[in-house]
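Q: Chain by chain, the residues:
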Amino acid sequence: MKYAVLASALLLSACVSVPVERKFPSVPVEIQAPCGNLQTIDPATNKLSVVVDSVVTNYTQYQLCQTKNDTWIDWYNEQKKIFESVK
Amino acid sequence: MAWKTVRNIINTHYKCLGLDMWIVNFLPDFIFHVLLLVSLLALVASFVLDSIPFVSTNAKAIQLASAVVLAIALYFEGAISDNDAWLARVAALERQVAVAEAKSKETNTVIQYQYRDKVRTVKETQVVVQERIVKEAAKMDAECRVSPEAISILNQAAGGKQ
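Residue numbers (this note's numbering), protein chains in the order written: chain A, 1 to 87; chain B, 1001 to 1162.
No wet-lab data here; the hints were simulated from the structure.
Mixed in with the good hints, there may be bad ones.
Straight-line Cα separation of at most 20 Å, SDA-like style, residue types lysine to any residue; simulated pairs [as the list claims (entries may be wrong)]: (1) A:Lys23 <-> B:Ile1080; (2) B:Lys1139 <-> A:Asp53; (3) B:Lys1060 <-> B:Val1048; (4) B:Lys1118 <-> A:Ala33.
Computed list of chain A residues with no C-beta within reach of chain B, every gap over 10 Å [as the list claims (entries may be wrong)]: (5) Tyr3; (6) Pro34; (7) Cys35.
Derived, one-sided and incomplete: chain A residues facing chain B with beta-carbon distance under 7 Å [to be verified]: (8) Val20; (9) Arg22; (10) Pro25; (11) Pro28; (12) Leu38; (13) Thr40; (14) Lys47; (15) Ser49; (16) Val52; (17) Thr60; (18) Gln63; (19) Thr67; (20) Thr71; (21) Ile73; (22) Trp75; (23) Glu84.
Keep in mind the model is a prediction, meaning the values are calculated, not measured.
Here a beta-carbon is modelled for each residue, glycine too, at the ideal position from N, C-alpha and C.
Please build the complete structure, drawing on both the sequences and the hints.
A: What follows is the structure in structure tokens.
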């Protein structure tokens, strides 16, 4: 046991912690939220205006999600460029 | 198995140095400079100052000892130089990492602004379109009745379930 302690002490005595530490880049909180579900239409309605309103809401939902996805792609590409600039 | 794990942890988190580098880090540099100078002087003296009795009688021993010390001192001078070069590289890398981190934060801020701008545009468009729906609702509802089957199909598609 005492030899093991001595051996560990000797091994560790010649070690230093790695001096340069790199942090993973942070991501804006807004784009971390998942995309919402699409809206469904009240089955009791027969009004076209209600259907169109729901479709518009879902288009908006898609566009918000598309924007979020595009932002993730931009974020990844930009951060990758910055990461690779350190050599 | 356990030993391998310990070695992996050490290798992951620590950069292990040889004994020579440990000595370089432990002792001040001037000791090696002094050793180099003294051994060099002693070696030269052992050849040149043979008129001095002590030197002439122990010339071989002085030459041998000073040659050994000179070799050791030269080795450690090299190690110091190598260590300094590595420290300079670490410092340069630390500066680069700091610049990259600042750039990364700046980029995040720009991306955040662009995202908010796009979201605002999408939401503003939705408001405009919904105002049009309100305006045209009476006309649309008078001309067209939507069948329950059509609504069921749309809801099935929106739910993404079979």
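Q: Hint by hint, work out which the structure violates, then give me just those numbers in ascending order.
A: Result: hints 1, 21, 23 break, sorted rising.
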